[in-house]
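Engineer: Sequence:
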Amino acid sequence: MVTKGIKSLMVAAFSLFCLHITSPVFAQDHTPVPHESAEAKLDPAKIILEHIQDAHEWHFFTLGDFHASIPLPVILYSPTKGFSVFLSSRFHQGHEIVPYQGYEMTGNKIVATDGTTVYDISISKNVLQMMLALLILVLLMTSIAKKYKTGQGVTSAPKGWQNAMEPVITFIRDEAAKPNLGPKWKKYFPYLLTVFFFILINCLVGLLPGSANVTGNVAFTIVLGVIAFFIILFSTNSHFWGHIFWPPGVPLFVKLILIPIEFASFFIKPAALIIRLFANMIAGHIIILSFVSLIFIFGEMNFFAGWGFSPLSIAFTVFIYFIEILVAFIQAFIFTNLAAVFIGQAFEGGHNDIDGHADPVIL
175 MVTKGIKSLM
185 VAAFSLFCLH
195 ITSPVFAQDH
205 TPVPHESAEA
215 KLDPAKIILE
225 HIQDAHEWHF
235 FTLGDFHASI
245 PLPVILYSPT
255 KGFSVFLSSR
265 FHQGHEIVPY
275 QGYEMTGNKI
285 VATDGTTVYD
295 ISISKNVLQM
305 MLALLILVLL
315 MTSIAKKYKT
325 GQGVTSAPKG
335 WQNAMEPVIT
345 FIRDEAAKPN
355 LGPKWKKYFP
365 YLLTVFFFIL
375 INCLVGLLPG
385 SANVTGNVAF
395 TIVLGVIAFF
405 IILFSTNSHF
415 WGHIFWPPGV
425 PLFVKLILIP
435 IEFASFFIKP
445 AALIIRLFAN
455 MIAGHIIILS
465 FVSLIFIFGE
475 MNFFAGWGFS
485 PLSIAFTVFI
495 YFIEILVAFI
505 QAFIFTNLAA
515 VFIGQAFEGG
525 HNDIDGHADP
535 VIL
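End of the sequence shown = 537 in the numbering used here, gap-free, step of one.
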């Protein structure tokens, strides 16, 4: 009963922590954006931030006055107005941003014109791309599973995507699940495979031109971290909490120092998963966009300088792009492996037993 009470307390505390750190992400800026003239100077920082942020439309490219974009559904809830559903194109009238149904768009945020509270649960660019990535994952894995059910890959050699996925699944099993989870690896293996491929697909799709940077969005990584936190929390046992609140084998004054550190580490572990994935993926996109922006920065300085620097900038962009493909695999594996490590630490017993009971000494 004490262990269950501690687990419930941990859930509540970590949920409040996540709400606190994500409030700036969803905060709404009521300051209207001033109209910028066509002759305004290039602002690389603004362009880069616009490309990595979420949006209520899927923008592909712009040619002169033509904007190739797909408006996405806007779903709003206001305690005074109820639900409102419409396309984001309602906010656009030519080049002007206009209010609609008592709402207006300020940057990438939608606010009420009367200043009342509004909850935005729209299908944004990141949400839509995440759904597409989930659809790809489900279709890919179900098609492979059907082949195994028919005997292909079991009684005969694997073909097609089976050849690509089987070594990856075996690698996750042998390098992340079995070493960290021991005899219980089968229980957590579906979760580890799901989180690995879900992160990997979102990372790879995010590298396509015109796509969204889903894994570089802190809300996405926070959800993955919270899920990992719950799995870690409900995998703990009394032996684990005993080591947290009363570390054995150390002097009393050392215990007083270790107890708050060990308790804080329980929250730091999922937070490390959140920050690591978010920081690495958003950094790669910023670097790529920075190299592309250098062409236009030099072009504003001098026409020939812009053209002269273009080959070098493109070469560095392509190089970083291929590095990002490698980083996508690395970050997906690191998140999966660390999740397995933290889960294994939650239910491990002594040094030689993962189930909480020491192995018998054989004389």
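I should point out that these hints are in silico values taken from the structure, not numbers from a laboratory. Incorrect hints may appear among the rest.
Stated by the list, open to error - When the alpha-carbon atoms are kept at most 27 Å apart in a straight line, the in silico BS3-like pairs for lysine-lysine are as follows:
1) K321 to K283
2) K443 to K361
3) K333 to K320
To be verified - Pairwise CB distance ranges, derived in the manner of DEER restraints:
4) V328 to H417: 42 to 50 Å
5) I295 to I449: 21 to 29 Å
6) L426 to L223: 29 to 37 Å
7) K320 to D288: 51 to 59 Å
8) P341 to H241: 40 to 48 Å
Beta carbons are placed, not taken as given, at the ideal position from N, Cα and C, and that holds for glycine.
Engineer: Can you let me know if the beta-carbon spacing of L426 and L223 is within 29 to 37 Å?
Structural biologist: violated, 52 Å
Engineer: Decide if the proposed pair is consistent with the structure: K333 and K320, CA atoms, cutoff 27 Å inclusive.
Structural biologist: holds, 12 Å
Engineer: Do V328 and H417 keep their Cβ atoms within the hinted range of 42 to 50 Å?
Structural biologist: holds, 43 Å
Engineer: What's the verdict on K321 and K283, does the C-alpha distance respect the 27 Å limit or exceed it?
Structural biologist: violated, 46 Å
Engineer: Are K443 and K361 close enough, with their CA atoms no more than 27 Å apart?
Structural biologist: Measuring from Cα to Cα gives roughly 21 Å; hence the hint holds.
Engineer: With 40 to 48 Å as the target window, see if P341 and H241 comply at their CB atoms.
Structural biologist: For H241 against P341, whose Cβ atoms are near 43 Å apart, the range 40 to 48 Å holds.
Engineer: So the hint says 21 to 29 Å: do the beta-carbon atoms of I295 and I449 match that?
Structural biologist: Roughly 25 Å apart at Cβ, these two residues keep to the hinted range, so it holds.
Engineer: Is the distance from the Cβ of K320 to the Cβ of D288 consistent with 51 to 59 Å?
Structural biologist: At roughly 54 Å between Cβ atoms, D288 and K320 fall inside 51 to 59 Å, so the hint holds.
Consistency note: the structure conflicts with the earlier hints numbered 1, 6.
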